[in-house]
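Let chain H serve as the given structure and place chain G on it in line with the hints.
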Amino acid sequence: MYSQGLIGADGRTDEDEAFLAAFQERIDAEMKIEPNDPMPEGYRKTLVRQISQHAHSEVIGMQPEGNWITRAPTLRRKAALLAKVQDEGGHGLYLYSAAETLGVSREEMTDQLLSGAAKYSSIFNYPTLTWGDIGAIGWLVDGAAIMNQIPLCRCSFGPYARAMIRVCKEESFHQRQGYEIMMTLARGSDEQKAMAQDALDRYWWPSLMMFGPSEGSSVHSSQSMAWKIKRFTNDELRDKFINATVPQAEYLGLTVPDPDLKWNEERQSYDHGEIDWDEFWRVVKGDGPCNRERLRNRTRVHEEGAWVREAALAHAEKRRERAEAAKIAAE
Amino acid sequence: MTETTPLWEVFIRARNGLNHKHAGSLHAADAELALQAARDVYTRRGEGQSIWVVRSSDIVASDPQDKDMMFEPTATKIYRHPTFYEIPDEVGNM
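Residue numbers (my numbering), protein chains in the order written: chain H, 1 to 331; chain G, 332 to 425.
Calculated from the structure, these hints are not laboratory results.
Incorrect hints may appear among the rest.
[Said to hold, decoys possible] Stretch-level coverage of chain H by chain G, calculated; a stretch enters the list once three of its residues show a Cβ under 8 angstroms from a Cβ in chain G:
id: 1; region: 33–45
id: 2; region: 89–96
id: 3; region: 100–106
[As the list claims (entries may be wrong)] 20 angstroms max Cα-Cα, derived EDC-like pairs, lysine to aspartate or glutamate:
id: 4; chain 1: H; residue 1: K318; chain 2: G; residue 2: E363
id: 5; chain 1: H; residue 1: K228; chain 2: H; residue 2: E15
id: 6; chain 1: H; residue 1: K262; chain 2: H; residue 2: D201
id: 7; chain 1: H; residue 1: K327; chain 2: G; residue 2: D361
id: 8; chain 1: H; residue 1: K169; chain 2: G; residue 2: E378
id: 9; chain 1: G; residue 1: K408; chain 2: G; residue 2: D397
id: 10; chain 1: H; residue 1: K228; chain 2: H; residue 2: E25
id: 11; chain 1: H; residue 1: K78; chain 2: G; residue 2: D371
id: 12; chain 1: H; residue 1: K78; chain 2: H; residue 2: E170
id: 13; chain 1: H; residue 1: K240; chain 2: H; residue 2: E250
id: 14; chain 1: H; residue 1: K318; chain 2: G; residue 2: D361
id: 15; chain 1: H; residue 1: K240; chain 2: H; residue 2: D258
id: 16; chain 1: H; residue 1: K285; chain 2: H; residue 2: D111
id: 17; chain 1: H; residue 1: K285; chain 2: H; residue 2: E215
id: 18; chain 1: H; residue 1: K193; chain 2: H; residue 2: D258
id: 19; chain 1: H; residue 1: K169; chain 2: G; residue 2: D371
id: 20; chain 1: G; residue 1: K398; chain 2: H; residue 2: E34
id: 21; chain 1: H; residue 1: K45; chain 2: H; residue 2: E107
id: 22; chain 1: H; residue 1: K45; chain 2: H; residue 2: E15
id: 23; chain 1: H; residue 1: K45; chain 2: H; residue 2: D111
id: 24; chain 1: H; residue 1: K262; chain 2: H; residue 2: D235
id: 25; chain 1: H; residue 1: K32; chain 2: G; residue 2: E403
id: 26; chain 1: H; residue 1: K45; chain 2: H; residue 2: D14
id: 27; chain 1: G; residue 1: K352; chain 2: H; residue 2: E34
id: 28; chain 1: H; residue 1: K45; chain 2: H; residue 2: E17
id: 29; chain 1: H; residue 1: K240; chain 2: H; residue 2: E265
id: 30; chain 1: H; residue 1: K32; chain 2: G; residue 2: D394
id: 31; chain 1: G; residue 1: K352; chain 2: G; residue 2: D389
id: 32; chain 1: G; residue 1: K398; chain 2: H; residue 2: E30
id: 33; chain 1: G; residue 1: K352; chain 2: G; residue 2: D371
id: 34; chain 1: H; residue 1: K228; chain 2: H; residue 2: D37
id: 35; chain 1: H; residue 1: K228; chain 2: H; residue 2: E34
id: 36; chain 1: G; residue 1: K398; chain 2: H; residue 2: E25
id: 37; chain 1: H; residue 1: K169; chain 2: H; residue 2: D87
id: 38; chain 1: G; residue 1: K352; chain 2: G; residue 2: E340
id: 39; chain 1: H; residue 1: K193; chain 2: H; residue 2: E250
id: 40; chain 1: H; residue 1: K327; chain 2: H; residue 2: E317
Predicted, not measured: the structure shown is a model, and the values here were computed from it.
Cβ coordinates follow ideal geometry from the N, Cα and C atoms, glycine included.
Just chain H, same shape as in the assembly (with noise of 0.2 angstroms):
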């Protein structure tokens, strides 16, 4: 989702030239930079952003989807949601191991995220109002997050390569499940049509966001495609979802919200209306439906299982005191 992790990354480095040169060249030779190969501080920098950042979406991402799972129409339908959401979880734990072997701490992370410092995708922002919601969810925001991963396979850095490919092989799943709702409430009364209309409605604009702004001419982004941490610009990976896209919104009977959308029969894409970049940076920034509702759940969550953390930890050590004392008590 997460090419928004490289807004704002400064890959600024101060090695020197023979030093970046030769990294350059294992990059380019396709070599995977593993955690403790040399690597230009600019490229440790941003790449922990980045994915602490992917790290921080997944998370938060439990949320909106979450306030979905006690209200799920069908037990069918919850068991999946709950999976689903479960999954989101565990890839924030995939990604987290991953910046970590880049020498920053999960307890770091944490704090970067509970005090606004770290961002997370722009789309979580956005509130699940009704079930509809939770299918485009699955069929836009995961369909958006698939193309932003598969790219992420061939990463440059050894472990978020691993991680994404991990993620990927689970998230087909979610988009597929989110589809399927979709479907259904497509095929169903007025009432269930206008629901899964609503959603699409709603969420289509900021899916598109999710690539986050054309990056034009930026220095930040050339440096990260040289670098091989992102393999495509962010208008390429939306202009890839859009193509996707349409064709399954046509099959559901569904109108994509976009007056302006057209098939470019030259560039063999679609082309779309601009986007409300406004609204993009204003929910970045912390003005959007959700933010201090999204920070302030997770915020609680985390002080209110401090106890726990701590229970374990104590628990582990009585444990190891009281084996080393049976230890010498034996000896």
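Below, chain G without anything else, positioned relative to chain H:
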């Protein structure tokens, strides 16, 4: 109190007959919790029959800086490979 919870490396055997293979890492207070967390985080879709968890701090790793010293010498010892030896075709498969 912000005591850090120890880091563990997780190894999973997908099925009997295969090696345990590194799957990733996680934080847990003790071995029992590490095993439970490994089950939840790394085997949600039947990926494993058996799990090992090892404290990351107990792993001794070679230094990538020493890579050449450690591994380069084997590159020149081509006589360790079967293809180094020429056996006439008449002898058959060997």
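Hints versus structure:
1. Only when three residues or more bring their CB closer than 8 angstroms to a CB of chain G does the claim for the region 33–45 of chain H stand; here the count is 4, and the claim holds.
2. For the region 89–96 of chain H, the proposed coverage by chain G is satisfied: 3 residues have a C-beta within less than 8 angstroms of a C-beta in that chain, meeting the threshold of three.
3. Counting residues of the region 100–106 of chain H whose CB lies closer than 8 angstroms to any CB of chain G gives 3, which reaches the minimum of 3, so the coverage claim holds.
4. About 14 angstroms separates the Cα atoms of H/K318 and G/E363, which keeps this hinted pair within 20 angstroms; it holds.
5. At most 20 angstroms may separate the alpha-carbon atoms for a hinted pair to count; H/K228 and H/E15 meet this at roughly 18 angstroms.
6. Pair hint H/K262 plus H/D201 holds up; C-alpha atoms about 17 angstroms apart against a cutoff of 20 angstroms.
7. Only pairs whose Cα atoms come within 20 angstroms are accepted, and H/K327 paired with G/D361 is accepted, the gap being roughly 19 angstroms.
8. Under the criterion of a C-alpha separation no larger than 20 angstroms, the hint pairing H/K169 with G/E378 is consistent with the structure, at around 12 angstroms.
9. Of the pairs offered as hints, the one joining G/K408 and G/D397 holds, with about 19 angstroms between alpha carbons and a cut-off of 20 angstroms not exceeded.
10. About 12 angstroms separates the Cα atoms of H/K228 and H/E25, which keeps this hinted pair within 20 angstroms; it holds.
11. At roughly 19 angstroms between alpha-carbon atoms, H/K78 and G/D371 fall within 20 angstroms of each other, so this suggested pair holds.
12. For the proposed pair H/K78 and H/E170, the alpha carbon gap of about 18 angstroms is at most 20 angstroms, so the pair holds.
13. Proposed proximity of H/K240 and H/E250 is supported: the alpha carbons are some 16 angstroms apart, at most 20 angstroms.
14. For the proposed pair H/K318 and G/D361, the alpha carbon gap of about 11 angstroms is at most 20 angstroms, so the pair holds.
15. For the hint pairing H/K240 with H/D258, the CA-to-CA distance comes to about 17 angstroms; that is within 20 angstroms, so the pair holds.
16. Under the criterion of a C-alpha separation no larger than 20 angstroms, the hint pairing H/K285 with H/D111 is consistent with the structure, at around 18 angstroms.
17. For the hint pairing H/K285 with H/E215, the CA-to-CA distance comes to about 18 angstroms; that is within 20 angstroms, so the pair holds.
18. Of the supplied pair hints, the one linking H/K193 and H/D258 holds, its CA atoms being roughly 18 angstroms apart against a limit of 20 angstroms.
19. Proximity of H/K169 to G/D371 is assessed by CA-CA distance (about 16 angstroms); at most 20 angstroms being required, the pair is judged to hold.
20. For the hint pairing G/K398 with H/E34, the CA-to-CA distance comes to about 13 angstroms; that is within 20 angstroms, so the pair holds.
21. For the suggested pair H/K45 and H/E107, the alpha carbons sit about 17 angstroms apart, so the restraint of at most 20 angstroms is met.
22. Only pairs whose Cα atoms come within 20 angstroms are accepted, and H/K45 paired with H/E15 is accepted, the gap being roughly 14 angstroms.
23. At roughly 17 angstroms between alpha-carbon atoms, H/K45 and H/D111 fall within 20 angstroms of each other, so this suggested pair holds.
24. Between H/K262 and H/D235 the alpha-carbon distance is near 16 angstroms, which keeps this suggested pair within the 20 angstroms criterion.
25. For a cut-off of 20 angstroms, the pair hint linking H/K32 to G/E403 stands: about 19 angstroms separates their Cα positions.
26. Annotation: proposed proximity of H/K45 to H/D14 holds, straight-line Cα distance about 12 angstroms (limit 20 angstroms).
27. Annotation: proposed proximity of G/K352 to H/E34 holds, straight-line Cα distance about 17 angstroms (limit 20 angstroms).
28. In summary, the hint linking H/K45 to H/E17 is supported, as the alpha carbons are separated by about 18 angstroms, within the 20 angstroms threshold.
29. Pair hint H/K240 plus H/E265 holds up; C-alpha atoms about 15 angstroms apart against a cutoff of 20 angstroms.
30. With a C-alpha separation of about 16 angstroms, the suggested pair H/K32 and G/D394 falls inside the 20 angstroms cut-off, and the hint holds.
31. Pair hint G/K352 plus G/D389 holds up; C-alpha atoms about 17 angstroms apart against a cutoff of 20 angstroms.
32. The hinted pair formed by G/K398 and H/E30 meets the criterion: a straight-line CA distance of about 19 angstroms does not exceed 20 angstroms.
33. Between G/K352 and G/D371, the direct Cα distance comes to roughly 17 angstroms. Compliance with the 20 angstroms bound is thereby established for this hinted pair.
34. Distance check on the hinted pair: H/K228 and H/D37 sit about 16 angstroms apart at the alpha-carbon level, within 20 angstroms; holds.
35. In summary, the hint linking H/K228 to H/E34 is supported, as the alpha carbons are separated by about 14 angstroms, within the 20 angstroms threshold.
36. Between G/K398 and H/E25 the alpha-carbon distance is near 18 angstroms, which keeps this suggested pair within the 20 angstroms criterion.
37. For the proposed pair H/K169 and H/D87, the alpha carbon gap of about 11 angstroms is at most 20 angstroms, so the pair holds.
38. A C-alpha spacing of about 10 angstroms is found between G/K352 and G/E340, which places the hinted pair at or below 20 angstroms, so the restraint holds.
39. For the proposed pair H/K193 and H/E250, the alpha carbon gap of about 13 angstroms is at most 20 angstroms, so the pair holds.
40. For the hint linking H/K327 to H/E317, the alpha-carbon distance of about 15 angstroms falls within 20 angstroms, and the restraint holds.
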